[in-house]
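Each chain, letter by letter, is given below.
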Amino acid sequence: MFDNPVLLFIQLMNGLSLGMNLFIISSGLTLILGVLRVLNFAHGAFFMLGGYVCFTLVGAFDMSPMGFWLAVIGSALALGALAWIIERLMLRHLYHRDHLYQLLFTYALVLLIGDLVKVGWGSSVLSVSFPPGLDGATNLGVAYYPSYRLLLCVIGVLVGLGLWYFVNRTRAGRLVRAARQDREMLESLGINVGRIYLWVFVAGSAIAGMGGALAAPAIALAPGMDAEIVVECFIIAIIGGLGSLGGAFLGSLILGLLNAFGVLLIPEFEIVLIYLMMVLVLLIRPWGLLGKPEAGYR
Amino acid sequence: MTLLEVDGIHTSYGISDVLFDISVRVEAGESVGLLGRNGVGKSTTMRSIMGLTPPSQGSVSWKGQKVNGMPTSDIARLGVGFVPEDRRVFPDLTVWENLDIARRMHGDAEQWDEQRVYALFPELERFRDRRGGHLSGGQQQMLTIARSLMGNPELLLLDEPSEGLAPLVVDKLKEQIAALQAAGLSLVLAEQNLNFVLDLSDRVYILEKGEVKFEGTSDELRQSPELVSRYLSV
Ligand SMILES: Nc1ncnc2c1ncn2[C@@H]1O[C@H](COP(=O)(O)OP(=O)(O)O)[C@@H](O)[C@H]1O
Ligand SMILES: [Mg+2]
Chain A
0 MFDNPVLLFI QLMNGLSLGM NLFIISSGLT LILGVLRVLN FAHGAFFMLG GYVCFTLVGA
60 FDMSPMGFWL AVIGSALALG ALAWIIERLM LRHLYHRDHL YQLLFTYALV LLIGDLVKVG
120 WGSSVLSVSF PPGLDGATNL GVAYYPSYRL LLCVIGVLVG LGLWYFVNRT RAGRLVRAAR
180 QDREMLESLG INVGRIYLWV FVAGSAIAGM GGALAAPAIA LAPGMDAEIV VECFIIAIIG
240 GLGSLGGAFL GSLILGLLNA FGVLLIPEFE IVLIYLMMVL VLLIRPWGLL GKPEAGYR
Chain B
0 MTLLEVDGIH TSYGISDVLF DISVRVEAGE SVGLLGRNGV GKSTTMRSIM GLTPPSQGSV
60 SWKGQKVNGM PTSDIARLGV GFVPEDRRVF PDLTVWENLD IARRMHGDAE QWDEQRVYAL
120 FPELERFRDR RGGHLSGGQQ QMLTIARSLM GNPELLLLDE PSEGLAPLVV DKLKEQIAAL
180 QAAGLSLVLA EQNLNFVLDL SDRVYILEKG EVKFEGTSDE LRQSPELVSR YLSV
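Residue numbers (numbering that gives the first Met the number 0), protein chains in the order written: chain A, 0 to 297; chain B, 0 to 233.
Heads up, a few of these hints could be off.
As the list claims (entries may be wrong) - Residues of chain A placed beyond 12 Å of chain B at every Cβ, according to the derived structure: (1) Ser63; (2) Leu220; (3) Leu264; (4) Phe268.
Claimed, not checked - Computed beta-carbon distance windows for the label pairs: (5) A/Arg91 x B/Ser55: 19 to 27 Å; (6) A/Leu76 x B/Asp128: 34 to 42 Å; (7) B/Lys62 x A/Arg87: 55 to 63 Å; (8) B/Gly68 x A/Leu76: 33 to 41 Å.
Bear in mind the hints are in silico, worked out from the structure with no lab data behind them. All residues carry an ideal CB built from backbone N, CA and C; glycine is no exception.
Work out the full structure, taking the sequences as your base and the hints as a guide.
Here it is as structure tokens:
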């Protein structure tokens, strides 16, 4: 099959679009991990909830040609609002506690949101139709490729560029980087770091919600879909380096491509390749491809 | 006018008590030294003032208003700048970025901006695009001071600014700190380097085991070698 250039090209595109969708989700996770130092197990659940909210909003905006895109924005806003409530009421009381409390708390959120989805939307598989004009395929010269998946690639790159610009080229982004490095010092300079934590959590969760909404037409919505995605996001964070946006981008591409080509090499066992990759990275660079060793590790 | 009044504070880290009844006062325009050997509580006094390790008893007042219990960032915004020991520049941010995040208007005195900070520390301008973590110790010390100035403080708490610096660098730093005094800034200087403090301070406090053992002018301390040998020589 490796002598079939069209198939290889299609798999390459599949890898890229999967990778870019994973990147949209894992960028939010890695942002939260890097700044708040909270391992948010519920990130996958936020992704799932984003997909379901999109399903409902698409129904509500049925008539409008822009309905789907409004639903994507609505999902991001809904998840951002939920994250705001969670951070203010609960999470912020846990930053100074042992990591175990944070793990237990975010795991409780996973269970809670899982049940919420079952109660609110039922257990059967739901699907969201492609936005108008994007249900066909685009001629890329070598082959035709589904237009919507192509768009996902573009959006992933745009999200990446946007985040990079924000973090590296704006004052708010500089404050986020400083908060990641030394919270106490930043407080001493008169900056309310608690507010930075809040907005990073809100933004990261909103991006997860947007990722879920964007993925909804390409995947099937079903309870339990959050588990797989959150595991993949953590693998990406480990491969790329905890808290590194560039690392999340690289890790997502690697995961997407390994997945796509692994299917050709060892069908049904492609996940093994991904774990092998993670083990390899952990052996050679335990702090990830683009991460930095934590103080004390050096 | 009294800027800062620390009145009988007790501070502990968990179950270990570190400060026992420390009182320190700083008048506007004054420079005050905190002296004492390693581990006597100089840094903890500064951290208590900033609300980083809040005192369990006693009070800290700024211009007559009680500030202990307030969040650290609010205390800083009142006009207190803090330059902690071991420098704490943001290592991944460039010199310019380190300065930019600290930028804040305060009061009606002439405001500090990059140009004014670079005029005082020309080396920082030369390295403005270098990451904080790649600077020498002396440059990092200048950057932490410069960074605090960007918030336009009225009082600057400097924790062991001369520590670990070469003698020539210390002399230069002394001139730069004197320039800050001339610009009207009030200072609290925690140091083990006696001459550094005597040259820069109007009054000094000597701490031992979390208590104030001596309070007086720099001249009084200069004339009391027995105090120096009892509390300060190692
Ligand atoms: N984070 C901490 N936890 C526990 N004890 C501390 C901590 N920081 C300092 N101490 C103790 O508090 C005492 C005073 O320390 P410090 O204020 O740093 O003194 P100085 O700045 O005068 O050298 C020392 O005995 C030190 O061991
Ligand atoms: Mg100290």
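To see whether the hints hold, each was checked on the structure:
no.	hint	result
1	Ser63	42 Å, holds
2	Leu220	39 Å, holds
3	Leu264	39 Å, holds
4	Phe268	40 Å, holds
5	A/Arg91 x B/Ser55: 19 to 27 Å	24 Å, holds
6	A/Leu76 x B/Asp128: 34 to 42 Å	38 Å, holds
7	B/Lys62 x A/Arg87: 55 to 63 Å	32 Å, violated
8	B/Gly68 x A/Leu76: 33 to 41 Å	36 Å, holds
Of the hints listed earlier, the one the structure fails to meet is number 7.
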